[in-house]
Amino acid sequence: MSSVRRIGLATLRTLGTVLPVMLGVVVGVFFLLRLVPGDPAQMILGERATPQAVAELHEQLGLDLPLWQQFGDFLGRLITQGDTGPSLVSGASTRDLILERAPISLGIVALALLLAVLITVPLALAAARRPNGPIDHAVRVIPAIGLGMPMFWIGLLLIIVFAVHLGWFPVGGVGTGAGEPIRSLILPALAVSLSLVPPLIRSLRAQLLEVVTADFVTTLRAARIPELRIWTRHILRGGALPTLALLSVNAATLIGGTLVIEKVFAINGIGMLLFTSIGSRDFPVVQGIALYCAVLVVLVGIAADALLGILDPRLRRGSAR
Amino acid sequence: MTAPRAAARSTFWSRARRSRTLAVGTGLAALLVLVALLAPVIAPYSPTAQDLTAGLLPPSPAHWLGTDELGRDVLSRILMAAQTDLRIAVTAAIAPFIIGVSVGLLSGYFGGAVDWTLSRVVDTVIAFPFYIIVIALVFALGAGEFGIVVAFALVGWTGYARVIRALAASMRDAGWVRAARGGGLSHARVILRHLLPNALPQAVVLLMTEIVLIMVAIVTLGYLGLGVRPPTPDWGAMLAEAQPFITSNWWLGVGPGLAVVLTGVALSLVADGLGDAWRVKR
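For the protein sequence lines, the chains are A and B, in the order given.
Just so it is clear: in the first sequence, position 54 is 54 by this note's numbering, and no numbers are missing.
Just so it is clear: in the second sequence, position 133 is 133 by this note's numbering, and no numbers are missing.
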């Protein structure tokens with residue numbers, strides 16, 4: 001099979017699974033407003049709204065139109081403008097509101113990703129180096145405990161220890177000045193990454209153990225290749241790809257965690273926008289945030305698959321998955 | 001078919017009895033459930049009784065864990081919150097379990113178009129970050145117990161669906177399933193009487209893990225102001241109320257925080273122990 005044809009087929013296959021999912025995401029977000037028990041316009045304006053105001057909002061949201069037409073308008077606006085409608089509070093475009101705050105949220109995501117890798121790799125290596133040793137034992141027990149800890153609680157603990165007592169980091173908000181924004185984002189990113197670390201360690205450790213017992217490692221040892229070289233050049237490489245795959249699987253957790261942690265640290269990113277919009281019942285903005293997050297997760301998944309295909313020759317046949 | 005299953009069961013019990021993880025987890029969980037059930041009896045005060053003249057008192061013999069801003073006894077609120085939070089966690093876990101196992105069995109057993117369609121639905125749900133979709137759903141449905149239970153029913157089932165689907169697909173072509181079909185059994189009977197019992201251990205282990213996640217999510221929703229409506233006590237809402245006082249009145253946050261973590265750890269240990277005893281891959 002020629003490589004052009006192969007890539008073409010792979011692209012088609014990806015589109016065949018991605019397009020239905022994208023459509024599903026849009027349908028899901030569209031129906032969010034229809035889940036409201038009773039009249040959404042009444043719910044947005046509250047109990048004491050005048051019937052006239054309710055009727056006006058009803059019309060503004062297009063709730064009088066037939067359902068298929070409402071969906072058509074929704075989809076049309078999304079495709080042409082990437083928007084879910086103007087904010088009911090400020091009238092600003094939802095897309096602009098989200099993009100305005102995207103850099104700070106994505107900053108936390110990137111930092112959390114970096115921290116997660118920095119914590120996971122050495123611990124998993126140490127655990128796999130001596131199976132059933134003390135580190136291995138700790139690494140297997142801690143995830144079970146970590147699972148039961150809400151991320152916002154870890155965030156609060158970090159604030160108490162590193163911001164209140166030690167004073168190394170600000171208690172909340174984002175500082176200005178050289179290096180300050182990064183310093184403000186370290187604790188929230190750490191909280192997010194800590195919630196991600198347990199499954200990562202578990203899986204990387206298992207992967208590394210599988211590689212350690214592989215025949216080729218025995219062969220390398222027999223050939224008197226230095227142990228350090230075997231670990232850095234061969235074993236770690238074997239475990240790196242599954243970790244990359246796992247990171248893409250956890251992209252949704254990472255993004256969701258970031259939005260929640262912004263509330264804990266009072267950071268004005270997309271998460272804060274979500275919670276203020278919920279407070280003011282600003283439906284289009286809530287819908288827009290859910291939609292942008294889901295689309296981002298799908299895109300990350302596609303990118304990770306493509307990257308894995310490039311890095312791992314075994315996946316190139318296209319039959320592996 | 002009964003012989004191998006009986007054997008598996010006896011090794012399950014012997015492994016379960018030897019598992020320290022399971023023993024500690026079950027003991028802790030049983031204790032917590034007992035405390036939750038007895039909360040109205042053992043709580044020294046009413047969890048909602050306010051005393052504005054006795055607000056923000058530090059721990060003392062009269063109030064072991066102090067009082068909150070409105071003068072309510074923190075210990076009593078923690079105990080009553082155990083009841084609320086555990087009850088909602090268990091209630092909210094039922095529908096996802098049933099939906100997820102059904103979807104997984106159907107998807108894995110029939111394969112083809114059924115599998116393709118159901119898998120795309122799963123892909124769609126998991127494209128949304130879990131917390132974002134749950135927050136958005138609870139917001140739309142209305143904060144509180146009803147909203148939480150419906151939200152989890154809508155999106156909490158994908159974990160089961162994916163695991164059970166793989167399991168059912170691996171069993172579909174096994175000799176004994178073909179024999180059952182060849183013997184003239186209907187699809188429904190094969191799925192319910194033959195696939196389901198074999199998928200159940202895995203599903204139950206997953207259920208324990210999911211209850212932990214749901215409990216943590218409920219507390220998080222409470223923290224975000226989307227949980228149980230005040231004044232009903234909830235650990236998450238208590239932590240949110242405690243946050244402005246973490247430097248001056250630390251006792252407000254310690255109790256509910258420890259309660260959450262203790263419950264989470266107890267349930268995860270049960271899940272872990274069960275998984276080991278059943279030798280279920282997770």
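These are computed hints drawn from the structure, not numbers from a lab.
Treat the hints with care, since some could be wrong.
As the list claims (entries may be wrong) - Chain A is faced by these chain B residues, among others (derived, beta-carbon under 7 Å): (1) 46; (2) 257; (3) 264.
For each residue, glycine too, the CB sits at the ideal point set by N, CA and C.
Is the interface hint satisfied for residue 264(B)? The criterion is a beta-carbon contact with chain A at less than 7 Å.
holds, 2 Å
Interface restraint verdict for residue 257(B) against chain A (beta-carbon cut-off 7 Å):
holds, 6 Å
Grab the minimum C-beta distance from residue 46(B) to chain A and call the hint holds if it beats 7 Å, violated otherwise.
For residue 46(B), the interface hint is violated, since the closest Cβ of chain A sits about 26 Å away, which is over 7 Å.
Violated hints amount to a single one, hint 1; each of the other numbered hints is respected by the structure.
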